[in-house]
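Student: Here are the chains, one letter per residue:
There are 2 protein chains.
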Amino acid sequence: MGSTAPGWQDKAEAKRQAVLDLIPAAWRLPTPLPTSEAQPDVTGTYVQQFLSAREIELTEADATTIVAHTTTGQWTATEVVSAFCHRAAIAHQLTNCLHEIFFSQAIAEAKLLDAKFAATGTSSGPLHGLPVSFKDQFHVRGVETTMGYVGWIGTFEGRKGTGKEKVHESELVREIRALGGVPFCKTSLPHTVMSAETWNNIVGFTLNPHNRLMSSGGSSGGEGSLVSLKGSPIGFGTDIGGSVRIPAAFCGIYGLRPSFGRLPYAGAANSMPGQNSVPSVCGPLAGSAASLKMMLKAVLAQQPWLHDPAVVELPWRDELASVLPASAEEMSTVLTFGLCPSDEATAPTPPVRRAFATVKALIEKLGHQTIEWKPPSHTRATELAFQAYTADGGADIHHHIGLSGEPLQWRIADYYGTKPSPPKTADQWFDDNLELFQYRRDYMDYWNSTAALTTSGRPVDAVLAPVAPIAAIELDKQWHIAGYTPWVNTLDYTAAVFPVTKVDAALDHVEESYTPLNDLDKAIHEEYNPLTQGNTPVGLQLVGRRFQEEKILALVEMLSTALAKE
Amino acid sequence: MGSTAPGWQDKAEAKRQAVLDLIPAAWRLPTPLPTSEAQPDVTGTYVQQFLSAREIELTEADATTIVAHTTTGQWTATEVVSAFCHRAAIAHQLTNCLHEIFFSQAIAEAKLLDAKFAATGTSSGPLHGLPVSFKDQFHVRGVETTMGYVGWIGTFEGRKGTGKEKVHESELVREIRALGGVPFCKTSLPHTVMSAETWNNIVGFTLNPHNRLMSSGGSSGGEGSLVSLKGSPIGFGTDIGGSVRIPAAFCGIYGLRPSFGRLPYAGAANSMPGQNSVPSVCGPLAGSAASLKMMLKAVLAQQPWLHDPAVVELPWRDELASVLPASAEEMSTVLTFGLCPSDEATAPTPPVRRAFATVKALIEKLGHQTIEWKPPSHTRATELAFQAYTADGGADIHHHIGLSGEPLQWRIADYYGTKPSPPKTADQWFDDNLELFQYRRDYMDYWNSTAALTTSGRPVDAVLAPVAPIAAIELDKQWHIAGYTPWVNTLDYTAAVFPVTKVDAALDHVEESYTPLNDLDKAIHEEYNPLTQGNTPVGLQLVGRRFQEEKILALVEMLSTALAKE
Numbered sequence: 001m002g003s004t005a006p007g008w009q010d011k012a013e014a015k016r017q018a019v020l021d022l023i024p025a026a027w028r029l030p031t032p033l034p035t036s037e038a039q040p041d042v043t044g045t046y047v048q049q050f051l052s053a054r055e056i057e058l059t060e061a062d063a064t065t066i067v068a069h070t071t072t073g074q075w076t077a078t079e080v081v082s083a084f085c086h087r088a089a090i091a092h093q094l095t096n097c098l099h100e101i102f103f104s105q106a107i108a109e110a111k112l113l114d115a116k117f118a119a120t121g122t123s124s125g126p127l128h129g130l131p132v133s134f135k136d137q138f139h140v141r142g143v144e145t146t147m148g149y150v151g152w153i154g155t156f157e158g159r160k161g162t163g164k165e166k167v168h169e170s171e172l173v174r175e176i177r178a179l180g181g182v183p184f185c186k187t188s189l190p191h192t193v194m195s196a197e198t199w200n201n202i203v204g205f206t207l208n209p210h211n212r213l214m215s216s217g218g219s220s221g222g223e224g225s226l227v228s229l230k231g232s233p234i235g236f237g238t239d240i241g242g243s244v245r246i247p248a249a250f251c252g253i254y255g256l257r258p259s260f261g262r263l264p265y266a267g268a269a270n271s272m273p274g275q276n277s278v279p280s281v282c283g284p285l286a287g288s289a290a291s292l293k294m295m296l297k298a299v300l301a302q303q304p305w306l307h308d309p310a311v312v313e314l315p316w317r318d319e320l321a322s323v324l325p326a327s328a329e330e331m332s333t334v335l336t337f338g339l340c341p342s343d344e345a346t347a348p349t350p351p352v353r354r355a356f357a358t359v360k361a362l363i364e365k366l367g368h369q370t371i372e373w374k375p376p377s378h379t380r381a382t383e384l385a386f387q388a389y390t391a392d393g394g395a396d397i398h399h400h401i402g403l404s405g406e407p408l409q410w411r412i413a414d415y416y417g418t419k420p421s422p423p424k425t426a427d428q429w430f431d432d433n434l435e436l437f438q439y440r441r442d443y444m445d446y447w448n449s450t451a452a453l454t455t456s457g458r459p460v461d462a463v464l465a466p467v468a469p470i471a472a473i474e475l476d477k478q479w480h481i482a483g484y485t486p487w488v489n490t491l492d493y494t495a496a497v498f499p500v501t502k503v504d505a506a507l508d509h510v511e512e513s514y515t516p517l518n519d520l521d522k523a524i525h526e527e528y529n530p531l532t533q534g535n536t537p538v539g540l541q542l543v544g545r546r547f548q549e550e551k552i553l554a555l556v557e558m559l560s561t562a563l564a565k566e
Numbered sequence: 001m002g003s004t005a006p007g008w009q010d011k012a013e014a015k016r017q018a019v020l021d022l023i024p025a026a027w028r029l030p031t032p033l034p035t036s037e038a039q040p041d042v043t044g045t046y047v048q049q050f051l052s053a054r055e056i057e058l059t060e061a062d063a064t065t066i067v068a069h070t071t072t073g074q075w076t077a078t079e080v081v082s083a084f085c086h087r088a089a090i091a092h093q094l095t096n097c098l099h100e101i102f103f104s105q106a107i108a109e110a111k112l113l114d115a116k117f118a119a120t121g122t123s124s125g126p127l128h129g130l131p132v133s134f135k136d137q138f139h140v141r142g143v144e145t146t147m148g149y150v151g152w153i154g155t156f157e158g159r160k161g162t163g164k165e166k167v168h169e170s171e172l173v174r175e176i177r178a179l180g181g182v183p184f185c186k187t188s189l190p191h192t193v194m195s196a197e198t199w200n201n202i203v204g205f206t207l208n209p210h211n212r213l214m215s216s217g218g219s220s221g222g223e224g225s226l227v228s229l230k231g232s233p234i235g236f237g238t239d240i241g242g243s244v245r246i247p248a249a250f251c252g253i254y255g256l257r258p259s260f261g262r263l264p265y266a267g268a269a270n271s272m273p274g275q276n277s278v279p280s281v282c283g284p285l286a287g288s289a290a291s292l293k294m295m296l297k298a299v300l301a302q303q304p305w306l307h308d309p310a311v312v313e314l315p316w317r318d319e320l321a322s323v324l325p326a327s328a329e330e331m332s333t334v335l336t337f338g339l340c341p342s343d344e345a346t347a348p349t350p351p352v353r354r355a356f357a358t359v360k361a362l363i364e365k366l367g368h369q370t371i372e373w374k375p376p377s378h379t380r381a382t383e384l385a386f387q388a389y390t391a392d393g394g395a396d397i398h399h400h401i402g403l404s405g406e407p408l409q410w411r412i413a414d415y416y417g418t419k420p421s422p423p424k425t426a427d428q429w430f431d432d433n434l435e436l437f438q439y440r441r442d443y444m445d446y447w448n449s450t451a452a453l454t455t456s457g458r459p460v461d462a463v464l465a466p467v468a469p470i471a472a473i474e475l476d477k478q479w480h481i482a483g484y485t486p487w488v489n490t491l492d493y494t495a496a497v498f499p500v501t502k503v504d505a506a507l508d509h510v511e512e513s514y515t516p517l518n519d520l521d522k523a524i525h526e527e528y529n530p531l532t533q534g535n536t537p538v539g540l541q542l543v544g545r546r547f548q549e550e551k552i553l554a555l556v557e558m559l560s561t562a563l564a565k566e
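These protein sequence lines map, in sequence, to chains U and S. Numbering of the first sequence is given in full-length UniProt numbering, commencing with residue 1 and proceeding in unit increments. Numbering of the second sequence is given in full-length UniProt numbering, commencing with residue 1 and proceeding in unit increments.
Heads up, some of the hints might be wrong.
Identical copies go unnamed one by one, so any copy, or any two together, can satisfy a pair.
[Claimed, not checked] Dumping the calculated EDC-like pairs for lysine to aspartate or glutamate here, alpha-carbon to alpha-carbon at most 20 angstroms:
no.	residue 1	residue 2
1	LYS365	ASP10
2	LYS111	ASP431
3	LYS374	ASP432
4	LYS164	ASP442
5	LYS166	GLU144
Everything labelled a hint here was simulated from the structure, so no lab data went into it. As the structure is a prediction and not an experimental result, all values here were calculated from the model.
Assemble the whole structure, with the sequences as input and the hints as a guide.
Tutor: This is how it looks when you write it as structure tokens:
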């Protein structure tokens with residue numbers, strides 16, 4: 001490359017501007033936009049001011065409500081998709097949540113769906129006309145995938161001339177289309193995807209729409225922010241250490257981390273894509289547990305196990321939720337919840353503590369049982385996860401960062417260094433796998449042992465836990481979280497996040513007399529500030545064993561319904 | 001160790017003798033035993049001469065027949081277990097098929113089962129009193145596990161003082177006991193288990209009971225030989241590249257290679273136990289497809305997914321076989337079988353060709369469809385499998401061989417060298433995993449594409465293939481087989497082996513005019529000798545997609561029933 005070739009900064013800026021330029025003039029917000037300090041919360045009436053009443057009605061409908069209307073011809077695909085495109089465009093201007101925009105393509109596809117409906121009188125599938133967003137690891141025809149890497153701009157996963165550029169689609173995208181869904185945008189993520197914060201050299205930070213001084217979480221932060229602002233009714237993120245759950249919790253929405261092999265990941269981009277011991281999984285984020293359930297059920301009906309060799313033949317199983325009472329109030333069965341309020345190393349800050357206490361009290365009020373969760377060390381689980389994440393010495397990440405010469409974000413460099421280190425050898429990798437297997441077996445034994453403690457005589461039905469000791473972090477602050485989410489990945493368990501409350505300065509006081517457990521815990525508690533962090537959502541996760549998606553979603557639905565009545 | 005310490009030869013000989021010494025004097029065969037040349041076939045009337053009429057009745061009953069009698073109190077557990085102990089003792093003297101004998105323990109357990117039955121009037125489970133043998137990778141309390149390594153004698157997997165010696169049991173063994181089954185012996189295998197021949201420095205060769213000049217196959221050769229001689233009604237082997245299927249086919253019995261994650265492997269010994277890309281699986285060998293089905297169903301009812309983290313929650317699913325006609329003759333559904341007569345690189349020898357033609361004709365006679373199977377290269381599949389098997393540079397194998405200083409068998413050294421070579425690095429391992437994933441995906445696409453060729457409109461129901469180009473090999477002859485079995489492991493597909501015929505000098509003439517495809521094919525065909533190899537069984541495998549055990553077993557049962565009527 002000669003000296004006239006543009007540097008990574010120019011490429012990144014051109015890409016950022018090209019995406020913005022795809023927003024129609026009519027959908028541009030008046031400039032200057034308010035600062036985050038001036039307008040931290042851009043949800044609710046703030047964002048509504050830019051939308052018509054009809055657009056508000058359509059975009060504030062839950063995904064299940066939308067398909068109930070589109071599959072019966074009450075709403076057209078075109079009006080639904082157009083409304084979400086508009087609201088997504090606004091969301092991006094307010095929070096930096098998009099990486100790829102393909103609104104015209106989506107609206108054209110919606111028109112085809114409407115024409116087909118008009119001609120046949122039937123819908124094109126259970127997701128007929130439902131707009132679906134995707135984290136920028138999924139390939140969609142017509143647009144590129146950068147995964148936050150400047151070096152991937154104009155390439156296919158960093159390589160040129162593969163013939164796959166802007167043509168190849170990920171298997172999940174194909175299935176969503178086959179169901180009548182309409183992909184319409186791709187969302188932001190940290191380069192490498194190995195971060196719980198969403199920042200990259202192309203779009204910068206993705207903001208939390210409930211408090212734009214706060215992070216949207218990561219690595220599926222674009223999905224968290226977009227879905228939270230109702231710029232998408234449902235979208236797909238990925239989770240290798242908490243990357244669906246953290247943004248879902250930080251942004252106040254629902255998110256599912258299914259077990260590996262439940263949903264198809266084939267044909268999507270990833271970091272260390274051949275790492276098969278603590279692998280990344282894809283999972284939906286949406287405004288309700290019912291939407292997650294509808295999506296999972298719909299995708300499974302596509303028999304993804306016939307198209308992705310990693311997917312297991314597990315159709316939707318209603319019977320997995322049969323242990324549950326028919327409604328939150330009906331006490332046909334006493335359920336038992338394990339209570340896991342912290343990651344052992346640190347304690348939750350006041351808003352998370354309050355959220356946890358709220359749900360604990362609710363569970364008990366509903367007549368269910370809670371027991372203290374005393375499993376094998378979650379610190380150990382985190383170590384095992386990071387053992388897998390870093391086994392290649394960062395070779396993959398540094399290769400892709402090196403394509404453009406862009407700097408690796410400091411928080412990722414904390415784990416991966418600024419250059420590759422020696423990779424593990426295969427025999428070491430096998431030894432690590434044995435440690436992982438032993439940990440999983442010990443945990444399984446512990447879970448089984450709880451049958452002796454429950455009213456039902458069954459082992460614990462699910463475990464309630466925070467996803468972080470904090471509601472969210474302030475942008476670019478040190479990310480002190482490790483142990484609240486990776487244990488679920490180490491164990492390959494099912495977890496779903498649900499919103500519980502929001503940071504409230506009147507309720508969540510700084511506890512002046514708090515005695516920190518250690519330096520890390522001290523730092524976490526010192527960063528908590530109810531005044532600047534007010535209105536940030538607080539979510540919790542409910543964790544079930546491997547492949548218990550049906551049961552965990554049913555439990556989350558039960559708890560959320562009851563929470564709404566409180 | 002001083003110079004007075006016994007060498008590996010002494011340890012091996014002592015171990016071999018100690019096992020023989022556990023055979024009660026009354027069960028010793030008159031010496032000298034006939035040579036293999038003098039008495040190649042020791043099945044049928046030959047072995048029956050050493051047994052009572054009652055013992056013959058009990059041991060020649062199928063496993064399903066046995067439990068039908070034991071669970072209803074018609075036969076006692078004690079008489080059944082004792083009869084099999086006797087016959088296993090004879091089998092070992094004739095074929096070298098056992099590594100551990102614990103007949104007294106088994107008979108004592110059978111007596112307890114009988115006492116419990118007498119007291120309660122009910123059986124202790126669906127396998128009440130059924131003797132079950134295990135390949136010497138499974139740990140059973142009271143005895144040790146050598147896995148064929150001299151260096152493991154007196155240790156737990158090569159380590160001393162672990163506290164697990166003779167106490168620890170593998171999860172599968174625990175489940176068999178919970179079902180009422182009675183472990184009674186452990187069977188021979190090649191050290192390292194990475195061989196399709198059964199030989200080690202402790203017991204030497206395990207012979208094929210139908211022709212003792214021939215190999216029992218491997219690596220589950222002890223199971224193949226023992227079950228074939230009806231010294232066990234059912235037993236468990238393992239399969240990483242064909243190790244259940246090859247001995248099942250060579251010895252003329254049925255064997256199942258389920259997909260990884262169907263049956264519990266937890267707590268069993270293995271080579272490269274942390275190798276998780278083309279992993280070993282355990283599977284049963286028995287005298288009928290119905291027995292395999294009964295065993296799989298019984299183990300799954302133990303919910304192994306609650307006790308082994310690698311097992312997937314897939315209970316027995318009758319509906320997977322619902323596509324099949326109710327009987328072999330009823331033509332409610334036309335099934336389609338892919339025909340895969342070779343591994344591309346070599347052609348089958350006359351007896352295998354005849355077996356294949358027999359089953360092809362039978363399928364067509366039953367009114368089902370056959371199509372030519374033209375999948376992605378099976379040679380490539382074999383390369384991918386060996387890439388995984390050898391990724392650690394042989395570190396694991398050479399470590400365990402080195403514990404005693406025993407020599408590594410030449411055929412295993414062909415793949416692993418005589419000392420370790422540099423292992424792959426984690427990033428190379430990840431790249432290999434991507435190649436593996438792409439191969440699996442290409443194969444899946446091919447399988448899906450066959451829907452266009454079938455009468456049913458469904459993709460092919462199963463693929464018929466040999467497990468080797470030969471019926472079996474003569475002892476210690478070069479093992480020229482690579483490509484007939486590992487593709488199933490590379491793809492993690494379900495495969496079941498069933499017996500078809502036996503080498504018959506009158507039918508399976510050497511084809512003098514045969515033009516070999518290449519040097520390998522020439523060597524294979526030159527080694528074929530219908531006179532010395534006569535009476536060796538010939539089996540074939542039926543292969544289905546991942547986790548299709550119910551369907552494949554039903555198809556094998558259908559074909560075997562029809563074959564029996566020919």
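Student: Which earlier hints can't be squared with this structure?
Tutor: Failing hints, ascending: 1, 2 and 3.
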